[in-house]
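Q: As a plain string of letters, each chain reads:
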Amino acid sequence: MLCIVLCKCVSLKKIKRMSLENTQAQMRKGILEFCILSIIDKQESYPSDILEQLKAAKLIVVEGTLYPLLTRLKKLELLAYRWEESNSGPPRKYFSLTPKGKEFLNSLGTTWKELHQAVALITSK
Amino acid sequence: MKRTISVNIKGTNFIIEEDGYELLQNYFNRLEQGLINEEGKSEIIEDIEYRVAELFSELLSERKTVIEMANVQSIISTLGQPEDFIDEDENSSKQTETVDNSTNSRKFFRDEENGRIAGVCSGLSLYFGIDVMVVRAIFLIVFFFGAFSLSVYVILWIITPKIKSNVDRLKTQGKAVTVDSLKEEVEGAANRFRKHSKSFAHRVKNNENMNYKLNRLVRVITTVIGVGILIGAFSLLVPLVTFGVLDTPFIPAQTDFGFLSFSSINELFLETDLDMSWMKMSVLVIGFSTVSFLILLGLRFLFNIRNRGYKILMSAFFIFGILGIVSASFISMKTVRNLANEAEIEKKVGVIDASVLKIYSNIHTLNLDANYKINVNDGNGVITILENKVYNEGIKLEYRLSKDSLYHVYQKFSANSYAYKTAIEKAKNIKHGVSIENDELYINTDFTFPLKDKMRDQEVTVVIEIPKGKRVNMQNANITLRRDAIDFDEDFEYEFQSGFLNGSGEYKHW
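In order, the protein sequences belong to chains A and B. Going by my numbering, the residue at position 114 of the first sequence is 114; the numbering climbs one at a time, nothing skipped. Going by my numbering, the residue at position 138 of the second sequence is 1138; the numbering climbs one at a time, nothing skipped.
There's no promise every hint is true.
Unchecked claim - Some chain B residues judged to face chain A by a derived CB distance under 7 Å, without partners named:
1) Ile1044
2) Glu1083
3) Phe1085
Unchecked claim - Derived DEER-like restraints, expressed as beta-carbon distance ranges:
4) A:Val61 / B:Arg1219: 52 to 62 Å
5) A:Val61 / B:Ile1138: 56 to 66 Å
6) A:Thr110 / B:Arg1003: 34 to 44 Å
7) B:Glu1018 / A:Ser124: 22 to 32 Å
8) B:Asp1019 / A:Met27: 31 to 41 Å
9) B:Thr1004 / A:Leu115: 27 to 37 Å
10) A:Asn106 / B:Glu1018: 26 to 36 Å
Unchecked claim - Taking lysine-lysine pairs in the DSS-like style, the calculated list, with each CA pair at most 30 Å apart, reads:
11) A:Lys100 / B:Lys1041
12) A:Lys55 / A:Lys113
13) B:Lys1452 / B:Lys1403
14) A:Lys75 / B:Lys1041
15) B:Lys1041 / A:Lys29
16) B:Lys1347 / B:Lys1183
17) A:Lys75 / B:Lys1183
18) B:Lys1412 / B:Lys1428
19) B:Lys1041 / A:Lys58
20) B:Lys1348 / B:Lys1431
21) B:Lys1162 / B:Lys1183
22) B:Lys1064 / A:Lys55
23) B:Lys1358 / B:Lys1396
24) A:Lys102 / B:Lys1421
25) A:Lys42 / A:Lys58
26) B:Lys1041 / A:Lys55
27) B:Lys1470 / B:Lys1348
28) A:Lys102 / A:Lys58
29) B:Lys1389 / B:Lys1508
30) B:Lys1403 / B:Lys1428
31) B:Lys1064 / B:Lys1002
32) B:Lys1041 / B:Lys1213
33) B:Lys1334 / B:Lys1508
34) A:Lys58 / A:Lys113
35) B:Lys1396 / B:Lys1348
36) B:Lys1347 / B:Lys1452
37) B:Lys1347 / A:Lys42
For the record, the hints were derived by calculation from the structure and aren't laboratory data. Since the structure is predicted, the reported quantities are computational estimates derived from the model, not experimental observations. Glycine included, C-beta positions come from ideal geometry on N, C-alpha and C.
Full structure from sequences and hints, please.
A: Structure follows, in structure tokens:
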């Protein structure tokens, strides 16, 4: 799915056909998944942790965005979770990367680097 | 002034202003609409519900106890409108059809909260969805077929983590950790807590942990006592069935069939057939009442049964047991009465003229197996039953002064019965071999009497009258009758002496 997104990003022809809004959403979404996976990779986290970091990085505007993404990543078997009791509120879902998720994140990291270089190269001209 | 309502979100109660609640409800409805094509719809909504509960918790403090309309508004804006973050173009629903449920897989936890000892059975019952009593019963049954299940229990105890939270409880049951299942659990826990607090209401408040530990300790102790009583009951049941019901011979003796059973012991002592069946009945009643009583008592300890019918049943078995003891005592007393009168008959064997009387023991070999020996007569004899005859060993010897210069030999038979007349009959029925050959005396070490005469303290004594100044030689013993220390007249009192010849032919002088 993400690959499709990235292909869409790379393929300039396709980008021209899409509306700006849609393109932005698609770009952000691809990056967002990458970022979420990275956050979880660093440390097992529950949604509020992730939200805090994403908000600090100004990557998301509304919190609601996160939840469908987490569910989707979990369904793709990239994430797994366990429940943990909380002292202050309801129990928390702690997410961690599955081996498949780690692999996925690694290749995303590579792609991101390539992409970053490619974008830098192209836009600097 | 605004109306508030209490709302339960993810197991936590919040007091929300009514219009705030409506706003929230509306938001979730729209969320549901927006996510209608999404695969993990319920999970996403649930996650958001958790977030809402968390944000609400953060808002509340000691001063602030009510969620206001404005709070709901700001939270909704933080979360964002459904249309802001749900994109319709995704064909995700098709892509994510291969859903893996492994995250909801069952995990086995110990349930100490509802357990008896460490909560292993309780945990297993949650895991398999079987009633805990059934699991415990299986454990107990297996327990009696070996310590296997005990070791399994201990191993499971050691390796299994205990349930620490409602989430663990759900995992054990294999329920998906969802809002509803968690809510159900929380309510269940609340009910359990209410039950506990009711029964311990009189105890110190504010000391729940102490109560809990004490409660657990009591449970462990009662369980151990209960299991102990059950083990006792079942270990009684085994001999009761084998010896009482199946009448397996178990008392080592020489009989036609090797061992004596409970019935044959009865036959040996009890007078009539009625007595025998009466005695057997009584013993069986005592045995089964005791076992039943103990089983009920053990189960009561184990499962904390407080049932009136159960109590009545236990009392009934107790009374049965007492009645059995009374009736067995009655038969025993009746039998003891049969030993009331002793009769003795004396038979002359012969006269011997010798300077010294030599006595030899004559061991009657019955082709007996020494493994089946039991000791009677103070360890000097063996009881044997062959062809309705009782063979008893051990002969008493008595020495008294002869009135002339000859040795006189007599046989004395004695037996007991309720009446003197029947005692004489029984004494007459005793057979014992004594012979005189070449002026030497041969004494058999055993004697017999019919089984129908019963064991009525039958004894055989060989009386030897020794002439003044002469002696008797038996094995290593030389027996002479000395004059008594007390010397009244010319008429001397001579000492009375005795000895015993046991089954293996050894003589012991007393």
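Q: Work down the list of hints and note, for each, if the structure agrees.
A: Checked hints:
Interface hint status for isoleucine 1044 of chain B: upheld, as the beta-carbon distance to the closest one in chain A is roughly 5 Å, under 7 Å. Interface hint at glutamate 1083 of chain B: violated, since its Cβ lies 10 Å from the closest Cβ of chain A, which is beyond the 7 Å cut-off. With a least beta-carbon distance of about 4 Å to chain A, the hint placing phenylalanine 1085 of chain B at the interface is held under the 7 Å criterion. In this structure the supplied range 52 to 62 Å holds for valine 61 of chain A paired with arginine 1219 of chain B, their Cβ-Cβ distance being about 55 Å.
At roughly 58 Å, the beta-carbon separation of valine 61 of chain A and isoleucine 1138 of chain B lies within the given 56 to 66 Å, and the hint holds. With their beta carbons about 58 Å apart, threonine 110 of chain A and arginine 1003 of chain B fall outside the hinted range of 34 to 44 Å. At roughly 59 Å, the beta carbons of glutamate 1018 of chain B and serine 124 of chain A sit outside the given window of 22 to 32 Å. For aspartate 1019 of chain B paired with methionine 27 of chain A, a C-beta distance near 39 Å keeps the hint of 31 to 41 Å intact.
Taking the beta carbon of each, threonine 1004 of chain B and leucine 115 of chain A are about 52 Å apart, not inside 27 to 37 Å as hinted. In this structure the supplied range 26 to 36 Å is violated for asparagine 106 of chain A paired with glutamate 1018 of chain B, their Cβ-Cβ distance being about 51 Å. At roughly 23 Å between alpha-carbon atoms, lysine 100 of chain A and lysine 1041 of chain B fall within 30 Å of each other, so this suggested pair holds. In summary, the hint linking lysine 55 of chain A to lysine 113 of chain A is supported, as the alpha carbons are separated by about 23 Å, within the 30 Å threshold.
This hinted pair does not check out: lysine 1452 of chain B and lysine 1403 of chain B have alpha carbons roughly 39 Å apart, beyond 30 Å. For the given pair, lysine 75 of chain A sits about 12 Å from lysine 1041 of chain B by alpha-carbon distance, which is consistent with the 30 Å threshold. Simply put, lysine 1041 of chain B and lysine 29 of chain A have alpha-carbon atoms about 19 Å apart, close enough for the 30 Å limit, and the pair holds. A threshold of 30 Å between alpha carbons decides the hint, and for lysine 1347 of chain B with lysine 1183 of chain B the separation of about 98 Å lies outside it, so the pair is violated.
Simply put, lysine 75 of chain A and lysine 1183 of chain B have alpha-carbon atoms about 25 Å apart, close enough for the 30 Å limit, and the pair holds. Proposed proximity of lysine 1412 of chain B and lysine 1428 of chain B is supported: the alpha carbons are some 10 Å apart, at most 30 Å. Simply put, lysine 1041 of chain B and lysine 58 of chain A have alpha-carbon atoms about 26 Å apart, close enough for the 30 Å limit, and the pair holds. For the suggested pair lysine 1348 of chain B and lysine 1431 of chain B, the alpha carbons sit about 14 Å apart, so the restraint of at most 30 Å is met.
Of the pairs offered as hints, the one joining lysine 1162 of chain B and lysine 1183 of chain B holds, with about 20 Å between alpha carbons and a cut-off of 30 Å not exceeded. About 26 Å separates the Cα atoms of lysine 1064 of chain B and lysine 55 of chain A, which keeps this hinted pair within 30 Å; it holds. Between lysine 1358 of chain B and lysine 1396 of chain B the alpha-carbon distance is near 16 Å, which keeps this suggested pair within the 30 Å criterion. The straight-line distance between the Cα atoms of lysine 102 of chain A and lysine 1421 of chain B is roughly 106 Å, outside the 30 Å bound, and the hint therefore fails.
Note on lysine 42 of chain A and lysine 58 of chain A: the hinted pairing holds, with a Cα-Cα distance of about 19 Å set against a maximum of 30 Å. Between the alpha carbons of lysine 1041 of chain B and lysine 55 of chain A the distance comes to roughly 24 Å, so the proposed pair stays at or under 30 Å and holds. For the given pair, lysine 1470 of chain B sits about 20 Å from lysine 1348 of chain B by alpha-carbon distance, which is consistent with the 30 Å threshold. This hinted pair checks out: lysine 102 of chain A and lysine 58 of chain A have alpha carbons roughly 24 Å apart, not beyond 30 Å.
With a C-alpha separation of about 27 Å, the suggested pair lysine 1389 of chain B and lysine 1508 of chain B falls inside the 30 Å cut-off, and the hint holds. Pair hint lysine 1403 of chain B plus lysine 1428 of chain B holds up; C-alpha atoms about 27 Å apart against a cutoff of 30 Å. Distance check on the hinted pair: lysine 1064 of chain B and lysine 1002 of chain B sit about 15 Å apart at the alpha-carbon level, within 30 Å; holds. With a C-alpha separation of about 43 Å, the suggested pairing of lysine 1041 of chain B with lysine 1213 of chain B is violated against the 30 Å cut-off.
Of the pairs offered as hints, the one joining lysine 1334 of chain B and lysine 1508 of chain B is violated, with about 36 Å between alpha carbons and a cut-off of 30 Å exceeded. Note on lysine 58 of chain A and lysine 113 of chain A: the hinted pairing holds, with a Cα-Cα distance of about 21 Å set against a maximum of 30 Å. Distance restraint check for lysine 1396 of chain B and lysine 1348 of chain B: the Cα-Cα separation of roughly 16 Å lies within the 30 Å cut-off, and the hinted pair is therefore satisfied. Proposed proximity of lysine 1347 of chain B and lysine 1452 of chain B is supported: the alpha carbons are some 23 Å apart, at most 30 Å.
The hinted pair formed by lysine 1347 of chain B and lysine 42 of chain A fails the criterion: a straight-line CA distance of about 112 Å is larger than 30 Å.
Of the numbered hints listed earlier, those contradicted by the structure are 2, 6, 7, 9, 10, 13, 16, 24, 32, 33 and 37.
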